[in-house]
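Fit chains A and H to the supplied structure of chain R, relying on the hints for placement.
Residue numbers (our numbering), protein chains in the order written: chain R, 1 to 302; chain A, 303 to 721; chain H, 722 to 852.
Keep in mind that the hints were calculated from the coordinates and are not lab data.
Just so we're clear, the structure is a prediction, and the values are computed from it rather than from any experiment.
Watch out, some of these pointers could steer you wrong.
Which chain A residues face chain R? A few, computed with CB under 8 Å, are given here [to be verified]: (1) 322; (2) 339; (3) 373; (4) 411; (5) 413; (6) 420; (7) 424; (8) 450; (9) 451; (10) 491; (11) 493; (12) 520; (13) 592; (14) 639.
Below, computed lysine-lysine pairings styled on DSS-like, alpha-carbon distance capped at 25 Å [to be verified]: (15) 227(R) x 328(A); (16) 328(A) x 144(R); (17) 144(R) x 227(R); (18) 571(A) x 709(A); (19) 571(A) x 503(A).
Just so it is clear, CB atoms sit at the ideal spot from N, CA and C, and this is done for glycine as well.
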Amino acid sequence: MTETENKQSNKLIDWINGDYAPAESGMITAPEGRPRARVKNRVPVDDGAVKIIRMRRLGRYLAVVGTLLMMIVMLLVVMELPLFGDASSPVVNEVLDRYLYAGLEETGATNLVGGLILNYRGFDTFGESTVLFIAMTAVLLLLKNDRKNFCLPVEKELLADEAVNGKYSSIILSRNACVVVPFLLVFALYVMFNGHLSPGGGFSGGAILGGALILSEVAFGSQTMRKLFRGHIYHIIAVCSTLITCVEIRVIAAHLGDHGHPFGAYGNIISAGFIMPLNVLVGIEVGCIMYSFYSLFSRGDI
Amino acid sequence: MSLVYNVPFVSIFLSILIAVLCTLFKNGRNAQRLTFALWIGVAVGSAMLLSTLMFNGGTSFTYAAGHYPAPWGNELRAGPLEALFALVYSIVMLLSLSGGAEHTFEDVVEEKVSLYYTVMNLLFAGMLALIYTNDIFTSYVFIEISTIAACSIIMAKGEGESLLESMRYLIMYLIGSTMFLFGVVILYSITGHLLMEFLQKEIVALWMSGEYQLPLAASLALMLIGLCIKTAIFPFHSILPGAHGSATTASSAVLSGLLLESYVILIIKIFYRVFTPEIIASYHVYDIMFAFGIIAMLLGSYYALKEDDIKRMLAYSSAAQMGYIFVAIGIGTNAGAVAACLHIITHAFTKAMLFTTSGALIGVSGHSRDFYDLRGAAHRDRLAGIGFTIGAISMIGVPLLACFVSKLYIAIASLIYPP
Amino acid sequence: MNFQALLINYHEAAAVIVFCIGFMTLMLHPNLIKKVIGVNLSSSSMFLFFGSRGYIEGGEATILDPVTLEAPAVMVNLIPTGLILTGIVVSVSITAFFLAITLRIYNRYGSMDLDEILGLININKNKRFQQ
Numbered sequence: 001m002t003e004t005e006n007k008q009s010n011k012l013i014d015w016i017n018g019d020y021a022p023a024e025s026g027m028i029t030a031p032e033g034r035p036r037a038r039v040k041n042r043v044p045v046d047d048g049a050v051k052i053i054r055m056r057r058l059g060r061y062l063a064v065v066g067t068l069l070m071m072i073v074m075l076l077v078v079m080e081l082p083l084f085g086d087a088s089s090p091v092v093n094e095v096l097d098r099y100l101y102a103g104l105e106e107t108g109a110t111n112l113v114g115g116l117i118l119n120y121r122g123f124d125t126f127g128e129s130t131v132l133f134i135a136m137t138a139v140l141l142l143l144k145n146d147r148k149n150f151c152l153p154v155e156k157e158l159l160a161d162e163a164v165n166g167k168y169s170s171i172i173l174s175r176n177a178c179v180v181v182p183f184l185l186v187f188a189l190y191v192m193f194n195g196h197l198s199p200g201g202g203f204s205g206g207a208i209l210g211g212a213l214i215l216s217e218v219a220f221g222s223q224t225m226r227k228l229f230r231g232h233i234y235h236i237i238a239v240c241s242t243l244i245t246c247v248e249i250r251v252i253a254a255h256l257g258d259h260g261h262p263f264g265a266y267g268n269i270i271s272a273g274f275i276m277p278l279n280v281l282v283g284i285e286v287g288c289i290m291y292s293f294y295s296l297f298s299r300g301d302i
Numbered sequence: 303m304s305l306v307y308n309v310p311f312v313s314i315f316l317s318i319l320i321a322v323l324c325t326l327f328k329n330g331r332n333a334q335r336l337t338f339a340l341w342i343g344v345a346v347g348s349a350m351l352l353s354t355l356m357f358n359g360g361t362s363f364t365y366a367a368g369h370y371p372a373p374w375g376n377e378l379r380a381g382p383l384e385a386l387f388a389l390v391y392s393i394v395m396l397l398s399l400s401g402g403a404e405h406t407f408e409d410v411v412e413e414k415v416s417l418y419y420t421v422m423n424l425l426f427a428g429m430l431a432l433i434y435t436n437d438i439f440t441s442y443v444f445i446e447i448s449t450i451a452a453c454s455i456i457m458a459k460g461e462g463e464s465l466l467e468s469m470r471y472l473i474m475y476l477i478g479s480t481m482f483l484f485g486v487v488i489l490y491s492i493t494g495h496l497l498m499e500f501l502q503k504e505i506v507a508l509w510m511s512g513e514y515q516l517p518l519a520a521s522l523a524l525m526l527i528g529l530c531i532k533t534a535i536f537p538f539h540s541i542l543p544g545a546h547g548s549a550t551t552a553s554s555a556v557l558s559g560l561l562l563e564s565y566v567i568l569i570i571k572i573f574y575r576v577f578t579p580e581i582i583a584s585y586h587v588y589d590i591m592f593a594f595g596i597i598a599m600l601l602g603s604y605y606a607l608k609e610d611d612i613k614r615m616l617a618y619s620s621a622a623q624m625g626y627i628f629v630a631i632g633i634g635t636n637a638g639a640v641a642a643c644l645h646i647i648t649h650a651f652t653k654a655m656l657f658t659t660s661g662a663l664i665g666v667s668g669h670s671r672d673f674y675d676l677r678g679a680a681h682r683d684r685l686a687g688i689g690f691t692i693g694a695i696s697m698i699g700v701p702l703l704a705c706f707v708s709k710l711y712i713a714i715a716s717l718i719y720p721p
Numbered sequence: 722m723n724f725q726a727l728l729i730n731y732h733e734a735a736a737v738i739v740f741c742i743g744f745m746t747l748m749l750h751p752n753l754i755k756k757v758i759g760v761n762l763s764s765s766s767m768f769l770f771f772g773s774r775g776y777i778e779g780g781e782a783t784i785l786d787p788v789t790l791e792a793p794a795v796m797v798n799l800i801p802t803g804l805i806l807t808g809i810v811v812s813v814s815i816t817a818f819f820l821a822i823t824l825r826i827y828n829r830y831g832s833m834d835l836d837e838i839l840g841l842i843n844i845n846k847n848k849r850f851q852q
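Bound-form chain R, shown alone:
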């Protein structure tokens, strides 16, 4: 392009005229020679070639000043809030009284918080397990190995190590894990099954179960864990999610019949209606999701 063509006025006139009519100048065919733009992987950083533009100083100072102002305003708000532990604050109202004093008869659970989140406000728990499921799907979408994304070749090196040493990692870790993992698994089951009787529940039990599975992968190697799951772990998660959805419909939909409520004496394991099966299902799902996060991050494969 020559200098005159670059002038702003000529550009404006061209834009108004719509450059030139496509039908006359043969522009109907698609432009050739421009393949689908693919940027090469891992562009090497030459010295001086990459211009790193840090945020301007003024922007930084404004952000800091703005946040400090927000902090001062929030501290003023904290001064005006009801005092810590005040029994006459607006939070203590008829909502709280029914949860505390009628909670046992209506939900059947002696752990009132468990009864709250799975019976009174079951819709929020349903939303929460959906958040976990969508995080799992999104991480799967991002990190599973396919033709556009392949994990760094950690797997090959680890398999080579395994072949040489006969064991995945140090002997201290694997011997100790042999002792610790069974206790962890039993404890996870205890927390899940006792969610309606003592502090615990599906989410904490699931976290412990996930920790046990991650420890066994770190100690015993990915080959052993693959023998256990054979890639079906994702199906386990999906089935658990479906079952949770169906059971929640039964719990939540008031128009599908009666409560389905405590079939057992209070304080027993079999009581509190659907709370115990829900806790177990949620626990299994959360445990498998935690383990899948670990294996996707380290190997790129469930």
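This is chains A and H only, laid out in the frame that chain R set:
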């Protein structure tokens, strides 16, 4: 209670159930067919609900999501407006995804297409729950679902640019969510309720008696700023062009046409059901929204003119249309809110059409988004060219087309505002 | 300007300060992992704030004795506890997703610094259009 009153509840549950089932499909086409069947079903159900409600006098009903009535259990609330929004959302999603289907199967890796449809279903469930909810904490949980879903559909393409834009989108959304949660927490600690009708009674009582004034104002400010960050209004619009420009066609259409508006619907709900319009007017929130709306209208259009890339231009146009909606809400009267809702509906259809047709035009021009390469594209693909022209004329507001009606409503609403 | 209230509500005041620290980290640090830490700081401070709103003077945990079924005399407010459970799970999901995007960006660009990545993208963009 006839059977059709279960539609809001069943549509949310069914979306989540089918989303879980979609992950079990190996073949993307089956996932696509199941998803489309779901959306057709939800559209039909919402249409039946809308007609039933209109025949019964146009009042809304509350649906207890549990065995316990209002302040102890969760609730959904549906009226003709919510049913209309659900109908529009399902139709627009159906049309965007069927229009962008070819590009979806090209851009996303084959094994992951069913996961893409899973995430789309969960996004739909999140937006439906934001339309129907009557509880503030539930809206926070479903806002988080929409956040993760929106960022996933941007980065489904897998190329470097879409990953980075998705991450910047995520950071902005997280700032907004955390501030919204802070506002909800402060509001709970001064009122003690989470359901919207009871919150309104308590807030009006607090307003009359004059205690806890500063926490009330602070919680309103935090919730509003958090939601406005997500609607990409003027100071927060910088993430729009990158994210909507670099996503695949169907994703851009859904994000630009539907997701931004669902947060505006939540803002309108908070204004009318949690805080009454009088309280909002006394905090001068309407004036601030009006001012930011005008700035967004002007600046969005200015930045759109400077662009060389067709999808970034359309994304900036979305920012400008958000300005229109904020101006309509900022008028402060009921007529303004009605005009805003109408503009949400017409903008959803028009923007989805613009993005879908521009995706087709890009497809016949060697996958380049630059205007230089798009010359003559309408001759190569005539249907897309005609569609893009109609969409663009409608977006301007030429009479006989959709957006003319909504812009006329905004103008009329501003005229009947008592000075 | 009731400074006494600030000293009594010291949990909430600390939560607000940590929230602003996390918020600033999220906005200003160019390193991606530090942004993730900022998100976690903000969320955790929110849970501290919410939990401390639930205390009632002299109250105990809302667990009834499974054998005798007797309740403690005064019980704390259980609604914040239930909502915090939901919030923690949401925070874990967001952290997992954010870290997955970070890992994928690192595999692609070789850098954890957001400004450096933007610089790399600008170079590639200019190269592409200058053919």
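Hints, verified against the model:
1. 322: Status holds, d = 5 Å.
2. 339: 17 Å, violated
3. 373: With Cβ-Cβ at 5 Å, under 8 Å, it holds.
4. 411: 4 Å, holds
5. 413: 6 Å, holds
6. 420: Hint on residue 420(A): holds, closest Cβ of chain R at ~5 Å, below 8 Å.
7. 424: Hint holds; residue 424(A) Cβ to chain R Cβ min 5 Å, cut 8 Å.
8. 450: 5 Å, holds
9. 451: Since chain R brings a Cβ to about 6 Å from residue 451(A), closer than 8 Å, the hint holds.
10. 491: 6 Å, holds
11. 493: 6 Å, holds
12. 520: 5 Å, holds
13. 592: 23 Å, violated
14. 639: With a minimum Cβ separation of about 27 Å from chain R (threshold 8 Å), the hint on residue 639(A) is violated.
15. 227(R) x 328(A): 22 Å, holds
16. 328(A) x 144(R): 15 Å, holds
17. 144(R) x 227(R): 19 Å, holds
18. 571(A) x 709(A): 22 Å, holds
19. 571(A) x 503(A): 15 Å, holds
When each numbered hint is compared with the structure, violations occur for hints 2, 13, 14.
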